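All chains should be modelled from the sequences, with the hints used to inform the complete structure.
Protein chains in written order, with the working numbering: chain C, 1 to 353; chain U, 1 to 548.
No lab work stands behind these hints, which were simulated from the structure alone. Just so we're clear, the structure is a prediction, and the values are computed from it rather than from any experiment. Think of the CB as a built atom: it goes at the ideal place given N, C-alpha and C, for glycine as much as any other residue. Hints should not be assumed to be uniformly reliable.
Stated by the list, open to error - So the derived list for chain C, only partly shown, Cβ under 8 Å to chain U, looks like this:
#, residue
1, 33
2, 109
3, 133
4, 188
5, 190
6, 318
7, 319
8, 348
As the list claims (entries may be wrong) - For each label pair, taking beta carbons as the anchor points, the in silico distance ranges come out as:
#, chain 1, residue 1, chain 2, residue 2, range
9, C, 42, U, 462, 35 to 45 Å
10, U, 242, C, 353, 51 to 61 Å
11, U, 36, C, 142, 14 to 24 Å
12, C, 203, U, 74, 49 to 59 Å
13, C, 218, U, 225, 54 to 64 Å
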Amino acid sequence: MSSQDIPEENLPAEQGHAHGSAVGVADEQNPFADPGLPPHEHRIQDIDERAAKRSERAVAFLFTLSMLATVGFIASYVAIPADKSIFVFPIGHLSALNFALGLTLGTALFTIGAGAVHWARTLMSDVEVADERHAIAAPPEVRAKVHADFKQGAKESGLGRRKLIRNTMFGALTLVPLSGVVLLRDLGPLPEDKLRHTLWAKGKLLVNMNTNEPLRPSDVAVGSLTFAKPEGLEEHDEEFQNEIAKAALMIVRLQPDNIKDKQELDWSYQGIVAYSKICTHVGCPISLYEQQTHHVLCPCHQSTFDLSDGARVIFGPAGHALPQLRIGVNDEGYLEALGDFEEPVGPAFWERG
Amino acid sequence: MSTNENTESNESRDRGKAPAGERIADWADGRLGIYSLAKANMRKIFPDHWSFMLGEICLYSFIIIILTGVYLTLFFHPSMNEVEYHGSYVPLQGQLMSEAFSSTLHISFDVRGGLLIRQIHHWAALIFLAGMFVHMMRVFFTGAFRKPREINWLFGFLLFVLGMFTGFTGYSLPDDLLSGTGVRFTQGAILSMPIVGTYISMFLFGGEFPGHDFVARFYSIHILLLPGIMLGLVVGHLILVFYHKHTQFAGPGKSNKNVVGMPLLPVYMAKAGGFFFLVFGVIGVIAGIAQINPIWAMGPYRPDQVSTGAQPDWYMGFAEGLIRFMPGWEINIWGHTLVLGVFIPLVLFGVLLAILALYPFIESWVTGDKREHHILDRPRNAPTRTALGVAWVTMYMIMLVGGGNDLWATHLHLSINSITWFVRIFFIAGPVIAYVVTKRICLGLQRRDRDKVLHGRETGTIKRLPHGEFIEIHEPLSQEQLHTLTAHEQYEPAAIGAAVDDNGVERKVKGKEKLRAKISGAYFGEDQQIPKPTAEEYKEITSGHGHH
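Structure below.
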């Protein structure tokens, strides 16, 4: 160890020894000597029995209060209906049952504690005493004995001599946990290209999330923010949560000449643009829309995207623009997707590329 | 026959039947050897200081969490099966939600006292983590982590980190909109890990997010795996506290070789036992009046929905800050994406915590001190350590501010962009400023202690001398105070050993040695600490030629 080459004199003197460990009064040698434990000072309860009686009554009062509070707890449990609400100043409206149970249970517990602490502080002996400490490390003889025992044991096992046993044993012990690791394989499927695809496909209608009706261009007004899902995805579906986590869409209408990005314009329909609702930072749904600037903001980590400019990131921790969905209108006049997203939606990952 | 002998000996000892308690104790001793254990521990001495109860708060809130947690498992269904809600909370009737969410509603509205237990559980968890944070600061700033307690520091550190993850997996269980958003954030952070990210995510969630498995898996982690490990660590932590005996501050009669205080039985049995009830009682009242995590107001989780002002529990706030203040760096190269904007915060999260774990070993390397330390440092007497600690806490706090940047913005009507820029700048600048300021304060306090020892206490009594000069009377300190203020040790900076040995042969000075000399100089060199008064200085001043 490098520290062992520090000479002893570089270390400060042992605490307590610096001024002589012996307890004594200040002398010529050392004005800072340890005067020893100060004399015990009596409390009023130690010398006045009436004061001690008062303390005893105080402790008993607290314990009695606890008993009453427990009775109160049980009474509240039985008597107060679970749906009753009360107004408590200044907190506001509370569940009456929760309020009563909390106060009574809290009081029942707190007064036990207060009683015990008051008892300890006023009536139990408060004379300070000193205990000796002993070094944690074993004395040299013990150390030598243990080392010798260990060497003897190791020798008797023959582990050092019989290399074949040793090596095969290490081999076996190294391999056996592999079974446990292998067993974890079925925790989940491999990623493959799961994160690259969503339910969107050519011809899928854009369905309004709130009304569950397919959207027409006329349903999307300038300045409004509409959330949409792919046609055929219903809340009761087994995989609804997984699919909506990737397919959620937000739709806004811009003036076509306000769209700065050429691809965005090409992929829009009469100024209606559809972007993934899932933030490219860590996947929160984006839900705040600033009508005047066409900025959208993720409420989780405040990544801000400019929907009039290819949804590029203009502030915050997101690393890339929101993926845009190509949309058009079908023969019946409904908005439809012209394919899946061209790039993975949501947070970036190693294989995203 | 042995029974006969026993009875005989008992009779001869007590002339009659021993009291029941004594007989039970004898019975147990014959099988468990409890008397030897009790001999060492029953009257064990514990020193008294308010800061020593911080650890007790953690222990007691941990016990409260276990008690209330067991109760909650009786009613909670860790399942992500979608059900339609038909319970007594009217606003959510008919809504689709997971069984986890609906059973949490059931606990909150239909199980009498269920809401109270849920709130006690959650409040106790917040207090547990806060208690550990403050307890660790106490241990850090007083140097209680030094030999022989480094391993116990690590135990405590692990409890803090595991506590964070137990808390996180716990508040994710109800599958509400807020916690689900937090789980999504975690999944996004996992995805950012190079090479393995997508695999870990698929394996953790049993497929794509959110899947149908994570509540059940988090449940097993939250109620079994992590608390099991933590219980073991808590027991180990306590055994080591008993084994090492408690530290104490310097003072009259207190040395590195003794421990001064009052015995476990009866004083600390009553105080510490009573304190458990105090902590439980306070948390019970808080849970009765202060609502926490009202999941019914947030609604069930949907990956395409979110609420504004989403915040994790406080102890995850600094991770939230790290992820919010980071610029969105992304590198696309050779068909792969390096998501630095998310991955760097993930690494920083680990690094910031790892520094805590390693600090005792770093300091003992710098000082080269291999002795046992049972006397606590006053923070001012270890200025560099104290300054480093405050710098770390400052960085943590800046991250907490960053984690709530939206709340600061809305509540103080500030621009969120400026707050984020403030956090970015002060992530570095804050700790530097804190370091410098703290060190100055420590040195100032050391100077004041030195003045007090050498010149006595300022009495506030102004005296007018015959020739018109006004002086303030200084009163010499008592022997106790003199001792207490001079009992701390001061290290000399480690010097690089001679480059030439006794035989005149040059030896190579290793880079590591130079580095240590440099760090040691920064810790203990000139102007890094105020030399404590020596006996000579004191005698010179008090011998009559002094100023006052």
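Checked hints:
For residue 33 of chain C, the suggested interface contact is upheld, since its CB lies about 7 Å from the closest CB of chain U, less than 8 Å. A least Cβ separation of about 4 Å between residue 109 of chain C and chain U falls short of the 8 Å threshold, and the interface hint therefore holds. Taken as an interface hint, residue 133 of chain C checks out: its beta carbon lies about 5 Å from the nearest beta carbon of chain U, inside 8 Å. Because the smallest distance between the Cβ of residue 188 of chain C and any Cβ of chain U comes to about 4 Å, under 8 Å, the interface hint for this residue holds.
Because the smallest distance between the Cβ of residue 190 of chain C and any Cβ of chain U comes to about 7 Å, under 8 Å, the interface hint for this residue holds. Given the 8 Å rule on beta carbons, the hint for residue 318 of chain C holds: about 5 Å separates it from the nearest Cβ of chain U. For the restraint placing residue 319 of chain C at the interface with chain U, the shortest Cβ-Cβ distance is roughly 3 Å, inside the 8 Å limit, so the hint holds. A least Cβ separation of about 4 Å between residue 348 of chain C and chain U falls short of the 8 Å threshold, and the interface hint therefore holds.
At about 37 Å, the CB distance of residue 42 of chain C to residue 462 of chain U agrees with the hint of 35 to 45 Å. Checked against the given bound of 51 to 61 Å, the beta carbons of residue 242 of chain U and residue 353 of chain C, roughly 57 Å apart, stay inside it. A hinted range of 14 to 24 Å holds for the C-beta pair residue 36 of chain U and residue 142 of chain C, which are about 19 Å apart. Between residue 203 of chain C and residue 74 of chain U the C-beta distance comes to about 51 Å, which sits within the given range of 49 to 59 Å.
The hinted range of 54 to 64 Å is satisfied by residue 218 of chain C and residue 225 of chain U, whose Cβ atoms lie roughly 55 Å apart.
The structure is consistent with each of the numbered hints, conforming to all of them.
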